[in-house]
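As a plain string of letters, each chain reads:
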Amino acid sequence: MSDWLFKSWLKISALTAILFFFYHLFISQKLEEEFHSSTNDDK
Amino acid sequence: MEQNKDILDIQAAEQSSRKKKKFILCYHSLTVNNFKKASVQIRKLAEAAGAPISIAVVPSIGAAPESEAEEFREELEKFVNEGYEIMLHGARHRADLQMKRSLQGKIVLWISNNGAEFAGIDERFTQALLKRSLTLWKANGTGKPSGFIPPIWFGNKYLKQQALEIFDYYEDYHGIYQKVDGKVKKYKSDTLSFSVYPTAVLGILQTYACLKMLLPGGAHRLVFHEKDFRTIGEKRILNMVRYISTMREKIMYRDL
Chain D
2 MSDWLFKSWL
12 KISALTAILF
22 FFYHLFISQK
32 LEEEFHSSTN
42 DDK
Chain L
8 MEQNKDILDI
18 QAAEQSSRKK
28 KKFILCYHSL
38 TVNNFKKASV
48 QIRKLAEAAG
58 APISIAVVPS
68 IGAAPESEAE
78 EFREELEKFV
88 NEGYEIMLHG
98 ARHRADLQMK
108 RSLQGKIVLW
118 ISNNGAEFAG
128 IDERFTQALL
138 KRSLTLWKAN
148 GTGKPSGFIP
158 PIWFGNKYLK
168 QQALEIFDYY
178 EDYHGIYQKV
188 DGKVKKYKSD
198 TLSFSVYPTA
208 VLGILQTYAC
218 LKMLLPGGAH
228 RLVFHEKDFR
238 TIGEKRILNM
248 VRYISTMREK
258 IMYRDL
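Line by line, the protein sequences give chains D and L.
According to the numbering used here, the first sequence is numbered sequentially starting from 2.
According to the numbering used here, the second sequence is numbered sequentially starting from 8.
Since the hints were derived computationally from the structure, they do not count as laboratory data.
A couple of the hints might just be wrong.
DSS-like cross-link-like pairs, simulated, lysine-lysine; straight-line CA separation at most 25 Å [said to hold, decoys possible]:
{"hint": "1", "chain 1": "D", "residue 1": "K31", "chain 2": "L", "residue 2": "K28"}
{"hint": "2", "chain 1": "D", "residue 1": "K31", "chain 2": "L", "residue 2": "K219"}
{"hint": "3", "chain 1": "D", "residue 1": "K31", "chain 2": "L", "residue 2": "K190"}
{"hint": "4", "chain 1": "L", "residue 1": "K151", "chain 2": "L", "residue 2": "K192"}
{"hint": "5", "chain 1": "L", "residue 1": "K29", "chain 2": "L", "residue 2": "K164"}
{"hint": "6", "chain 1": "L", "residue 1": "K219", "chain 2": "L", "residue 2": "K242"}
{"hint": "7", "chain 1": "L", "residue 1": "K29", "chain 2": "L", "residue 2": "K138"}
{"hint": "8", "chain 1": "L", "residue 1": "K145", "chain 2": "L", "residue 2": "K167"}
{"hint": "9", "chain 1": "D", "residue 1": "K31", "chain 2": "L", "residue 2": "K193"}
{"hint": "10", "chain 1": "L", "residue 1": "K138", "chain 2": "L", "residue 2": "K192"}
{"hint": "11", "chain 1": "L", "residue 1": "K27", "chain 2": "L", "residue 2": "K44"}
{"hint": "12", "chain 1": "L", "residue 1": "K219", "chain 2": "L", "residue 2": "K29"}
{"hint": "13", "chain 1": "D", "residue 1": "K31", "chain 2": "L", "residue 2": "K234"}
{"hint": "14", "chain 1": "L", "residue 1": "K192", "chain 2": "D", "residue 2": "K31"}
{"hint": "15", "chain 1": "L", "residue 1": "K29", "chain 2": "D", "residue 2": "K31"}
{"hint": "16", "chain 1": "L", "residue 1": "K219", "chain 2": "D", "residue 2": "K12"}
{"hint": "17", "chain 1": "L", "residue 1": "K234", "chain 2": "L", "residue 2": "K44"}
Pair ranges (Cβ atoms, derived) [what the hints assert, rightly or not]:
{"hint": "18", "chain 1": "D", "residue 1": "S14", "chain 2": "L", "residue 2": "E172", "range": "37 to 47 Å"}
{"hint": "19", "chain 1": "L", "residue 1": "R139", "chain 2": "D", "residue 2": "K31", "range": "38 to 48 Å"}
{"hint": "20", "chain 1": "D", "residue 1": "S29", "chain 2": "L", "residue 2": "K195", "range": "39 to 49 Å"}
For each residue, glycine too, the CB sits at the ideal point set by N, CA and C.
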């Protein structure tokens, strides 16, 4: 039982870490984007 | 025509689901010493969020020259007139070292570099300091602040009750409090602040803040200080505000 629990915990932690890593990559990219406000010149 | 209606329906549904998730954007520690730089930063944050934001003001003028003090007062008045929400942020944001404090208070002062001016003081001194803070605001500001935020979010066991007698809202690191029908109501709200952390972990903290805002629950507080514009950078801060504004509706304390 404790072995099963430990393995599940490990899997969940690893999966969370991977998801967080990809989200981190996405956010890093997002936060570095150049922002352009829409002005009359764009139209 | 029918297609346009569908698009409008989808947009309305998205808007309604987004409105269920809220966040507060607050600029901390606007003082007489930093107001020129801070005012520009605050207006940029408001522009990125699309509406005026909340500002935690330190009302003490200290030894600032009268001309500076006058400009500070004018700037505060402008913010109030433009619809920004004022929160009082202590009296000086510097602890009076002559005051008697508990051991815990002394430890907090040591950790906070004497910033936590309410840490570990007794009931009478807490009352006096709170009143001093309000008196300083009345002398330099306009209108009534919505609430009170203790410096470094660290108060003492008397402060919450005393602050809620005067102000509508009080907050600590773990939540926002309001007095409703004589009882203190707590709003679930996590603090997402960056100023006290080392630069090496700021990237992870920004990701954590965005993830926290993406997930449901709470009216979290996104807090920026003047220092963050140097350590994180203006572009990243404004992009973060824009990104979070797409996921949650920005509100003020008074909208809770």
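Do the hints match the structure? See the list:
| no. | hint | verdict |
| --- | --- | --- |
| 1 | D:K31 - L:K28 | holds, 21 Å |
| 2 | D:K31 - L:K219 | holds, 16 Å |
| 3 | D:K31 - L:K190 | violated, 43 Å |
| 4 | L:K151 - L:K192 | holds, 21 Å |
| 5 | L:K29 - L:K164 | violated, 29 Å |
| 6 | L:K219 - L:K242 | holds, 20 Å |
| 7 | L:K29 - L:K138 | violated, 32 Å |
| 8 | L:K145 - L:K167 | holds, 21 Å |
| 9 | D:K31 - L:K193 | violated, 33 Å |
| 10 | L:K138 - L:K192 | holds, 23 Å |
| 11 | L:K27 - L:K44 | violated, 34 Å |
| 12 | L:K219 - L:K29 | holds, 12 Å |
| 13 | D:K31 - L:K234 | holds, 22 Å |
| 14 | L:K192 - D:K31 | violated, 37 Å |
| 15 | L:K29 - D:K31 | holds, 21 Å |
| 16 | L:K219 - D:K12 | holds, 22 Å |
| 17 | L:K234 - L:K44 | holds, 11 Å |
| 18 | D:S14 - L:E172: 37 to 47 Å | holds, 46 Å |
| 19 | L:R139 - D:K31: 38 to 48 Å | holds, 44 Å |
| 20 | D:S29 - L:K195: 39 to 49 Å | violated, 28 Å |
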